[in-house]
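Undergrad: Residues are numbered in our numbering as their position in the sequence shown, beginning at 1, plus a constant of 342.
I should point out that these hints are in silico values taken from the structure, not numbers from a laboratory.
For each residue, glycine too, the CB sits at the ideal point set by N, CA and C.
Be aware that a few hints might be false.
Now the in silico label distances, taken between C-beta atoms and shown as ranges [claimed, not checked]:
hint	residue 1	residue 2	range
1	R352	R412	27 to 37 angstroms
2	E349	A413	20 to 30 angstroms
3	A430	K394	12 to 22 angstroms
4	P382	G360	30 to 40 angstroms
5	L347	R396	16 to 26 angstroms
6	Q425	K404	11 to 21 angstroms
7	E411	T361	29 to 39 angstroms
8	P382	R352	29 to 39 angstroms
9	K418	P382	30 to 40 angstroms
10	E428	E349	37 to 47 angstroms
11	H421	R345	22 to 32 angstroms
12	E424	T344	27 to 37 angstroms
Dumping the calculated SDA-like pairs for lysine to any residue here, alpha-carbon to alpha-carbon at most 20 angstroms [what the hints assert, rightly or not]:
hint	residue 1	residue 2
13	K394	T416
14	K394	D367
15	K379	G351
16	K404	Y383
17	K394	L357
18	K404	D415
19	K418	S363
20	K404	A390
21	K379	T401
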Amino acid sequence: ITRTLIEDGRENLVLRGGTRSIDIDCPVRLVHAMYDKEVPYSTPFRLADAIKGRDVSVTIIKGAEHMMERAEDTAKIVHAVEQVLENAWEYDLTSPASG
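Let the hints inform the model, and build the full structure from the sequences given.
TA: Below, the structure is given as structure tokens:
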């Protein structure tokens, strides 16, 4: 762990603002490993709550670890991306606050 990493983290504490504090109004898919030792699996739920947009979903992959290296983990990530791309024409994805 470097000093730069810690300082960067302090500058980007996005969950401190609370409910609907992150100005994103485009589709968001959060995919998280249940057995992630680095980031608790409660974090994507807190992040989903903080995002202003309504089209937000959280997928927890049971059995997966932080790197999500198994084929079934990758397949779930690809599925989440495909979900967003299927509906991309409805949003201006060039702007995080679009919708």
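Undergrad: What hint numbers does the structure not satisfy?
TA: As far as the earlier hints go, 2, 4, 5, 8, 9, 11, 13 and 19 are violated by this structure, in ascending order.
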